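S.K.: If you want the building blocks of each chain, they are given just below.
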Amino acid sequence: MTALPWTLFAPELFLLGAALLVFLLDSLGIRRLELFGGLATVGISIALLGVLADLRFAPLAGLATVPAGNVDVPWSPLNASLVVVTSFGLIFQAIFLTSALLVALASLSRRSDEKGAAIFFGLLLFATLGMTLAALAADLIYLLLAIEVTGISTYLLVGYTRRDARGLEAAMKFYIIGALSAALSFFGASLLYAYYGTTNLATLGTGFVSMFPSPLGGATGIAFLGYGFLLVGIGFKVTAVPFHAWAVDVYDGAPSDVSAFLAGGSKKVGLFAYFVVFLVPILASQTTFVCPGGPTPTCHYLHSTFGIPLQVLFGLLAVVTMTAGNVLALMQTEMKRMLAYSSISQAGYMLIGLAVATSPAIAGATLQIFAHVFMKTGAFLVVAAVAGFGIGSRIEEWKGVGLRHRWLGASFAAMLLSLAGIPLTVGFVSKFVLFSAAVQAQGWFVWLAVAGLLNSALSVFYYARVLRVMYMERPEVGSAPVPAGAVVGGSDPPALTLGGIGVGRATAIGLATAAVFAFGVYPQPVLAGLQMAADHLVQLL
Amino acid sequence: MIPILSITLATLFVGTLATFAAGPRARYVAAAVSAIFLAEIAGMFALFSAPALGLALPTQFAEPESYPWIQVAWLHVNYTVGIDGISLVLILLTGILQAVTVAYSWTEQRQPAAWFGLVLLTCLGCFGVFAALDVLLFFVFWEVVLVPMFFLIGYWGGPRRRYAALKFFIYTHVASVTMLVALLVTAFYSHSASLDFASMAASAQTLALPTQIILFLSLFFGFGVKFPIVPFHTWLPDAHVEAPTGGSVLLAGLLLKLGGYGLIRWALEILPTGLQHVAPILYAVAFASIVWGAGVSLAQRDLKRLVAYSSINHMGIVLLAIALYSSLGLLAAVLLMFAHGIVSALLFMVSGSVHHTFGSRDIATVSGITPTAPVLSTMTMTGALASLGLPALISFPAEFTALLATWDKIGFWVLIPLGALVITAAFYIWMMQRLLFGTPKSIPVGAHDLPYPEAFAMGVLVVLSVLYGILPNLLIHFIQLSPVAGLP
Numbered sequence: 017m018t019a020l021p022w023t024l025f026a027p028e029l030f031l032l033g034a035a036l037l038v039f040l041l042d043s044l045g046i047r048r049l050e051l052f053g054g055l056a057t058v059g060i061s062i063a064l065l066g067v068l069a070d071l072r073f074a075p076l077a078g079l080a081t082v083p084a085g086n087v088d089v090p091w092s093p094l095n096a097s098l099v100v101v102t103s104f105g106l107i108f109q110a111i112f113l114t115s116a117l118l119v120a121l122a123s124l125s126r127r128s129d130e131k132g133a134a135i136f137f138g139l140l141l142f143a144t145l146g147m148t149l150a151a152l153a154a155d156l157i158y159l160l161l162a163i164e165v166t167g168i169s170t171y172l173l174v175g176y177t178r179r180d181a182r183g184l185e186a187a188m189k190f191y192i193i194g195a196l197s198a199a200l201s202f203f204g205a206s207l208l209y210a211y212y213g214t215t216n217l218a219t220l221g222t223g224f225v226s227m228f229p230s231p232l233g234g235a236t237g238i239a240f241l242g243y244g245f246l247l248v249g250i251g252f253k254v255t256a257v258p259f260h261a262w263a264v265d266v267y268d269g270a271p272s273d274v275s276a277f278l279a280g281g282s283k284k285v286g287l288f289a290y291f292v293v294f295l296v297p298i299l300a301s302q303t304t305f306v307c308p309g310g311p312t313p314t315c316h317y318l319h320s321t322f323g324i325p326l327q328v329l330f331g332l333l334a335v336v337t338m339t340a341g342n343v344l345a346l347m348q349t350e351m352k353r354m355l356a357y358s359s360i361s362q363a364g365y366m367l368i369g370l371a372v373a374t375s376p377a378i379a380g381a382t383l384q385i386f387a388h389v390f391m392k393t394g395a396f397l398v399v400a401a402v403a404g405f406g407i408g409s410r411i412e413e414w415k416g417v418g419l420r421h422r423w424l425g426a427s428f429a430a431m432l433l434s435l436a437g438i439p440l441t442v443g444f445v446s447k448f449v450l451f452s453a454a455v456q457a458q459g460w461f462v463w464l465a466v467a468g469l470l471n472s473a474l475s476v477f478y479y480a481r482v483l484r485v486m487y488m489e490r491p492e493v494g495s496a497p498v499p500a501g502a503v504v505g506g507s508d509p510p511a512l513t514l515g516g517i518g519v520g521r522a523t524a525i526g527l528a529t530a531a532v533f534a535f536g537v538y539p540q541p542v543l544a545g546l547q548m549a550a551d552h553l554v555q556l557l
Numbered sequence: 033m034i035p036i037l038s039i040t041l042a043t044l045f046v047g048t049l050a051t052f053a054a055g056p057r058a059r060y061v062a063a064a065v066s067a068i069f070l071a072e073i074a075g076m077f078a079l080f081s082a083p084a085l086g087l088a089l090p091t092q093f094a095e096p097e098s099y100p101w102i103q104v105a106w107l108h109v110n111y112t113v114g115i116d117g118i119s120l121v122l123i124l125l126t127g128i129l130q131a132v133t134v135a136y137s138w139t140e141q142r143q144p145a146a147w148f149g150l151v152l153l154t155c156l157g158c159f160g161v162f163a164a165l166d167v168l169l170f171f172v173f174w175e176v177v178l179v180p181m182f183f184l185i186g187y188w189g190g191p192r193r194r195y196a197a198l199k200f201f202i203y204t205h206v207a208s209v210t211m212l213v214a215l216l217v218t219a220f221y222s223h224s225a226s227l228d229f230a231s232m233a234a235s236a237q238t239l240a241l242p243t244q245i246i247l248f249l250s251l252f253f254g255f256g257v258k259f260p261i262v263p264f265h266t267w268l269p270d271a272h273v274e275a276p277t278g279g280s281v282l283l284a285g286l287l288l289k290l291g292g293y294g295l296i297r298w299a300l301e302i303l304p305t306g307l308q309h310v311a312p313i314l315y316a317v318a319f320a321s322i323v324w325g326a327g328v329s330l331a332q333r334d335l336k337r338l339v340a341y342s343s344i345n346h347m348g349i350v351l352l353a354i355a356l357y358s359s360l361g362l363l364a365a366v367l368l369m370f371a372h373g374i375v376s377a378l379l380f381m382v383s384g385s386v387h388h389t390f391g392s393r394d395i396a397t398v399s400g401i402t403p404t405a406p407v408l409s410t411m412t413m414t415g416a417l418a419s420l421g422l423p424a425l426i427s428f429p430a431e432f433t434a435l436l437a438t439w440d441k442i443g444f445w446v447l448i449p450l451g452a453l454v455i456t457a458a459f460y461i462w463m464m465q466r467l468l469f470g471t472p473k474s475i476p477v478g479a480h481d482l483p484y485p486e487a488f489a490m491g492v493l494v495v496l497s498v499l500y501g502i503l504p505n506l507l508i509h510f511i512q513l514s515p516v517a518g519l520p
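So the sequence lines, in the order shown, correspond to chains A and B.
Okay, so the first sequence: first residue is 17 according to this note's numbering, each after it adds one.
Okay, so the second sequence: first residue is 33 according to this note's numbering, each after it adds one.
Honestly, the hints are just simulated from the structure, not real lab data.
Source: prediction; values computed, not measured.
All C-beta atoms in this analysis are idealised placements derived from N, C-alpha and C, irrespective of residue type, glycine included.
Warning: the hint list may mix true and false statements.
[Unchecked claim] Pair by pair, the computed Cβ-Cβ distance ranges are: (1) A/Glu412 to B/Gly478: 38 to 46 angstroms; (2) A/Glu412 to B/Ala63: 34 to 42 angstroms; (3) A/Glu412 to B/Ser392: 31 to 39 angstroms; (4) B/Thr139 to A/Leu346: 37 to 45 angstroms.
[As the list claims (entries may be wrong)] A few chain B residues that don't get close to chain A, going by computed Cβ distances all over 10 angstroms: (5) Ser38; (6) Ala63; (7) Ala233; (8) Val262; (9) Trp267; (10) Leu330; (11) Thr397; (12) Lys473; (13) Ser474; (14) Gly501; (15) Leu503; (16) Leu506.
[As the list claims (entries may be wrong)] What the simulated footprint calls covered on chain A by chain B, stretch by stretch (three residues with Cβ under 8 angstroms from a Cβ of chain B suffice, anywhere in the stretch; the number is not a length): (17) 433-441; (18) 468-474.
Isolated chain A (complex conformation) (with noise of 0.2 angstroms):
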């Protein structure tokens, strides 16, 4: 066994080092927005900074942070009992910075005069590092817990502002689902542990360590068990119907800031635990096994048992996920509940990539995760600056906004047009080479690529709507607020005044719209890494 040397922790350093200096700044009576801001965009670039250089090497030697002969190596409870470098899990560390670099550059903007801004930046900076610990799992109960430095940090998080009753009640929702959740996933990984022997991923559900002789008795039961309450506990991270009611509440309930980096960016973790947690059983069926001592009807079976079903029961989930949130997409009136579902749908496309569990899938969900940052944190950032003038989260007071902010307005329809899967938006490419993976693995894979685009087609409706709304539909007279040295009169609406997003907002949701456009155009450098990814880690596992 070798030591992991500490500059692996490098990124993680610096997330836990500039939460601690802004709690401690905080204490010390030095409270500025600017400061912490500044401080959480600094350290949670630089962190991402060094996964980029991580994933610009992998897995050739002599990476940035982490030393040669450490990435992509084939993993047990010898050498990793707790963490592990994978490609795989540096690309979700990135998406996860991702997310949060957008969120905390966009809160620069927030009111300086407001209060909580340490708590807001502080628990910020440890979610993300929850998440990015989380991407380094190589043991069960280790990946939960860094699920719950998450957790904890956003529950307070969603409540942190204390003002609106409404605020209150999501963080407190969130928060006994979250409890919940854990209680269930933990449990979960206990009746694991009592079959296996064992919270390692890499052997967890193989079969091959089975402290149990017998498999058909109560034995499989118990295993069987486990993974069910593993799969209903990280559900509801997931936000896969029907573990998904809490998500709309709390996306609706929390400041605009955070519902982005929830959407965007926590809720990723969830989908990361799902992936290692159970490509390994469904993988282990697909591999040819060759038994110790002669295939008996004992050892076939045990290493067969979880797989197909396992499969089968996440096509179910994507199909029921992704339609679910569709249909009551649809009949929202408000912008943020309809981005809470749209959000819902899009677990539901990216659950398509376990069940087929192939390679490529799983190369095309991450692509949709990534895509996912961007065109969803993106889009509840520029629903946040659109609250700045005074236009609240119904639908119909967006009237005319694509006309009166028209670069919000160009963002925010790129937005949705690549949610909804238009070419050109890297919600196309992700859509398109999740469903042609799907068709490419054949078999019943296929109706998963049908589902997927016709809730893609059915999704259309409703962001075409909001599309409606924002440019062929005039706001009635003394419905909206018109902000002052707006135009008053002409044939067309008035036109807000082009400052007061701020700049950190502006730059954020510049940021997202350009990547929208830019990868959509050119997937071809994140996809050959994603690929390559997700090949080593099919064959890690």
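Using the hints provided, position chain B relative to the given structure of chain A.
M.R.: Frame of chain A; chain B shown alone:
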């Protein structure tokens, strides 16, 4: 070799951006872009006409260009463009309609930069569809057309524009998605080396017959909605009636042709066996569209709605000609698409001009406009006569070829389109009788004849109708320079 297709795409793209940014001077930029586009099309024709350059081979795509776009182990997508005679003729149509739409809407007052930018973007998408030879690239352009058209209808359209825009978007998007699934299944089930047209056309023949039939039918649905075929046509009257005139011109003139082109290139050429096994279904749908389109047109009082329904009729004949699967049929289909593009554009401009000159498009309300607006009447008459297939005008050679090809292949069934032609003639003549030559009625005080930009745009189309009506060989020569010209 000159990469003329990529150059054209690039100029259209830059031109579109420049138009969006040009503010009140957008129309000059749009006009310049249209002129450059037409010059580039002339260049393409020149390259095609020069066999010395080794290009005009009937079995190959000229000017093919291919660069890797998305390449991972299991997915090979290229940026591949190339044209044959069919694409070339439809690209010519794109260039013409872009120019006349810009000319017709020269005096657009509401958000002119956005208007001209979106018009150019629509044409950019259509050009891309006609030039793309890769599934993903094709689909990207196919969808690129949707977004600007959604805004053109939804912002500049008539009273029910928002409903019409949404309906258009959703109908055509569902169809596109079906088409994409079918193409992906074709590619992956036949283990095509890449998503390129050539590679798919070669590998698709290895698919089992039932698979080919199912895939062809899915593609037929996907492309058919754009056509539009009965019973998936209901988006068309709404979209056309509510769209602004320029939008209707592009919708009828170009967007419907995307369906016909797609069916030829991506369904017929990739899955010919599938087509041959389900041809009777296509005939039935075509006959239904022909008869339904003609019959419903007869009942219309709204001039624009009448032209819209007559499009269903004409595109039904196009479908019939494609379903015949013969070289004569395909020739007729492409000719007819070109002719319909020119004539329906002219007629939509006429109905737009009637509407804003006389305040209404209701044939029963407005009548006897000839004394007030003689030029407009002349345009109306040319358009109507061309559309009903009068010899020496553009539709005649096309429709004649279509009927001939139908007779060759399925004999007496030709009576159905022939009968529908009589109805078409009837409703156009009846329309002219009332609108042009009736007792003057509902003529507003101060109504005047066509303004110059509109007269110019329509005049160009009238000249082209006559030119290609007398000399159809100018097009036929090029259409035959395509891989499918070798069919029986």
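S.K.: Are A/Glu412 and B/Ser392 spaced within 31 to 39 angstroms by their CB atoms?
M.R.: 33 angstroms, holds
S.K.: Please settle this one: B/Ser38 was flagged as non-interface, so is its CB more than 10 angstroms from every CB on chain A?
M.R.: 15 angstroms, holds
S.K.: Is 34 to 42 angstroms respected by the C-beta to C-beta distance linking A/Glu412 and B/Ala63?
M.R.: 39 angstroms, holds
S.K.: Is B/Val262 truly not at the interface, in the sense that its beta carbon sits beyond 10 angstroms from all beta carbons of chain A?
M.R.: 21 angstroms, holds
S.K.: Is the Cβ of B/Leu503 farther than 10 angstroms from every Cβ of chain A?
M.R.: Non-interface label on B/Leu503 holds, nearest chain A Cβ at 39 angstroms vs cutoff 10 angstroms.
S.K.: When you look at the beta carbon of B/Ala63, is every beta carbon of chain A farther off than 10 angstroms?
M.R.: Given that every Cβ of chain A is farther than 10 angstroms from that of B/Ala63, nearest at about 24 angstroms, it holds.
S.K.: Is 38 to 46 angstroms right for how far apart the beta carbons of A/Glu412 and B/Gly478 are?
M.R.: 41 angstroms, holds
S.K.: When I compare C-beta atoms, does the region 468-474 of chain A have three or more residues closer than 8 angstroms to chain B?
M.R.: Answer holds; 4 residues pass the 8 angstroms Cβ test.
S.K.: Does the claim that B/Thr397 lies off the interface hold, with its Cβ farther than 10 angstroms from every Cβ of chain A?
M.R.: 28 angstroms, holds
S.K.: Indicate whether the distance between the beta carbons of B/Thr139 and A/Leu346 respects the range 37 to 45 angstroms.
M.R.: 40 angstroms, holds
S.K.: Evaluate the condition: distance from the CB of B/Leu330 to the nearest CB of chain A exceeds 10 angstroms.
M.R.: Nearest chain A Cβ is 33 angstroms from B/Leu330, so the label holds.
S.K.: In terms of Cβ atoms, is chain A entirely out of 10 angstroms range of B/Gly501?
M.R.: Check passes; 38 angstroms lies beyond 10 angstroms.
Checked against the numbered hints given earlier, the structure satisfies every one of them.
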